[in-house]
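If you want the building blocks of each chain, they are given just below.
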Amino acid sequence: MTAPSRFTATSPAGNIYDLGYRHYEGKRNGRAYAMWSLFVESFRGIWGFGRPTTAKVAPFLLAGFYALPAVVQLAFSSVITQQVASGANVTLLTYDSYFPAFSILVFFFCVAQAPELVCRDQRNQVLPLYFTRSMGRIEYALARLGSLATALFLLLLVPTLALFVGDVLMKPDTFGAVGDEWPRALPAVPATALISAGLAAISLAISSFSPRRAYSAIGMVAYVLLMEAIPAAIYSIGQTSGSSWSDKLFLVTPLTSLNGAVHWFFGEKLDPQDFSGNLTSGEYLAAALASIVVMTAVLAYRYRRVPA
Amino acid sequence: MALIETASLSKYYGPVKALDGLDLRVEPGIIGLVGANGAGKSTLLKVLLGLISPTAGRASVLGMDSVTETRSIRQFVGYMPEHDCLPPDVGATEFVTHMARISGLPRTAARERTAEVLRHVGLYEERYRQIGGYSTGMKQRVKLAQALVHDPKLLLLDEPTNGLDPAGRDEMLDLIKRTGTEFGITVVVASHLLGEIEQVCTYLLAIDAGHLLRAAPISTFTERTPVLAVEVEEGADRLVTALAASGARARQDGPRVLIALNSEALYDDVRDIVADLGLPLVRVQQERGRLEDLFRDAAPTAGSAG
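Chains E and W supply the protein sequences, listed in that same order. For the record, in the first sequence the residue sitting at position 254 is 253 according to numbering that gives the first Met the number 0, with numbers rising by one throughout. For the record, in the second sequence the residue sitting at position 91 is 90 according to numbering that gives the first Met the number 0, with numbers rising by one throughout.
Watch out, some of these pointers could steer you wrong.
[Stated by the list, open to error] Chain W residues, not near chain E, derived (Cβ > 12 angstroms throughout):
{"hint": "1", "residue": "25"}
{"hint": "2", "residue": "50"}
{"hint": "3", "residue": "86"}
{"hint": "4", "residue": "230"}
{"hint": "5", "residue": "277"}
{"hint": "6", "residue": "286"}
[Stated by the list, open to error] To give an idea of the chain W side of the interface with chain E (calculated C-beta under 10 angstroms), a few residues:
{"hint": "7", "residue": "2"}
{"hint": "8", "residue": "4"}
{"hint": "9", "residue": "6"}
{"hint": "10", "residue": "82"}
{"hint": "11", "residue": "266"}
Note that these hints are calculated values from the structure, not bench results. Predicted model, so just to flag it, every value in this text is computed and none were measured. By construction, the Cβ of each residue, glycine as well, lies at the ideal position given by its N, Cα and C atoms.
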């Protein structure tokens, strides 16, 4: 049997050339490796790497906006130092107030990028290709969740670092300042981890229910708006009628409970101006942790049943 | 060892019986899995892959149970779904490499295998372009490539020629044939197009309404039958009457006359009668079985049996 001519430059494109087939005898890794591979692919996808340039715009723009105030404060640290020296009363951004102040930008980041992670494979029906490989349904969901949480963690950590550097530079004795400053900055790390996990779980759990990005995004916004507004409304009604339990409803709020929990790490009491009701930061922390568990369970439930 | 074995395998979707007590034994080769739309082909493939679990009965692939040893099976099975399954915004290389890594291939091996497999399926310069811009034929090639990239022992293809033009269809069939023969990979091709199955497969599994109609080497379906077909331009009815008068069992089928071939003398009788009647003869040939007959003949029997 003669093989058709190979490597001929004149052959029309699309012909099948016979170069022989080699079997693969090498290593085959297990599911941990498959999860890691999906984690890496997801993480790259969140930031738009390996995708068209337009896919990089939204994540980097939103991340930039979120970091901007801290970076500005860092850039003007020498000016601020002079102002403080001249006796001016300057209110600076602090580690504990940064996320609560700008959390809406982080939420927008989730709205923009979370649907990308879970809708794309449903919409394009790629899931059967994963689930017929060494990748279980739950593992798929967890790898996606981990990658979003990691991306958020980095996103949130950048301004914290900028604040830290700025605070250090504002002190006359730089090296001494590092020693003074880091115990104050350190609680930001576990707080950031909590926020990342919380937002990632909520975002993916809701997004995963629709194969369409737009519906997922609307679903996320609707969920957060309603879950923030309804407890607040009931609380204000409860205030006038003298209810004793209506403040507990704030525990179901997605963003407020994360904001409240952040203060727990810094060991502060909640300011009643920002947090209505009588809840402590510890209660908010418990609520945030519970929300992570529940939302992860919802995500897992969805992926147990998602058609493939 | 049988590559695929099922024992009274059943899968019900509510009242619908997609698979109903299916008993199969598949040996290595290129196996055609034929049946009408909704006969249970896709369901069978999904059960074998462990994507869905059977309602009753059991299936084993490569000697491993499809429910309890799904993970071990999947390392050695490649699956090309019937539907579109490619994200539009990445290149073929990136996508297939990713799928290779999900199959457990280390990074460099994944890259090498991807390059090799894409070349095998006939994707060259365009493999770096985004899949969204591909033609249907190219997409089908990428789908086949991702099923082959981890060098499976068994390849399950669900309607691989769906949506292809005749040229693309022939290329895909050729590719399947080479995969089965040269690469030494057992291929199961599910299709409702019998012509395709006839072209590439060595063995045929015919299923209908979740039952096994027949399982046999493809040659047994297409061997000669004891029927002589005589085609005349006109006067087929007169020929039938004359043949009947001479004692032969004949019936008209359009311009053709089909005669039960029971002795060599029949050829002489036919020649004489045609000559006597002065009919314009086109051809005389012994009928070959066609795969279509399988369904035409078997459908009523299956119905009456069930």
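Hints, one by one, checked against the model:
| no. | hint | verdict |
| --- | --- | --- |
| 1 | 25 | holds, 18 angstroms |
| 2 | 50 | violated, 6 angstroms |
| 3 | 86 | violated, 5 angstroms |
| 4 | 230 | holds, 36 angstroms |
| 5 | 277 | holds, 49 angstroms |
| 6 | 286 | holds, 31 angstroms |
| 7 | 2 | violated, 17 angstroms |
| 8 | 4 | violated, 19 angstroms |
| 9 | 6 | violated, 22 angstroms |
| 10 | 82 | holds, 5 angstroms |
| 11 | 266 | violated, 37 angstroms |
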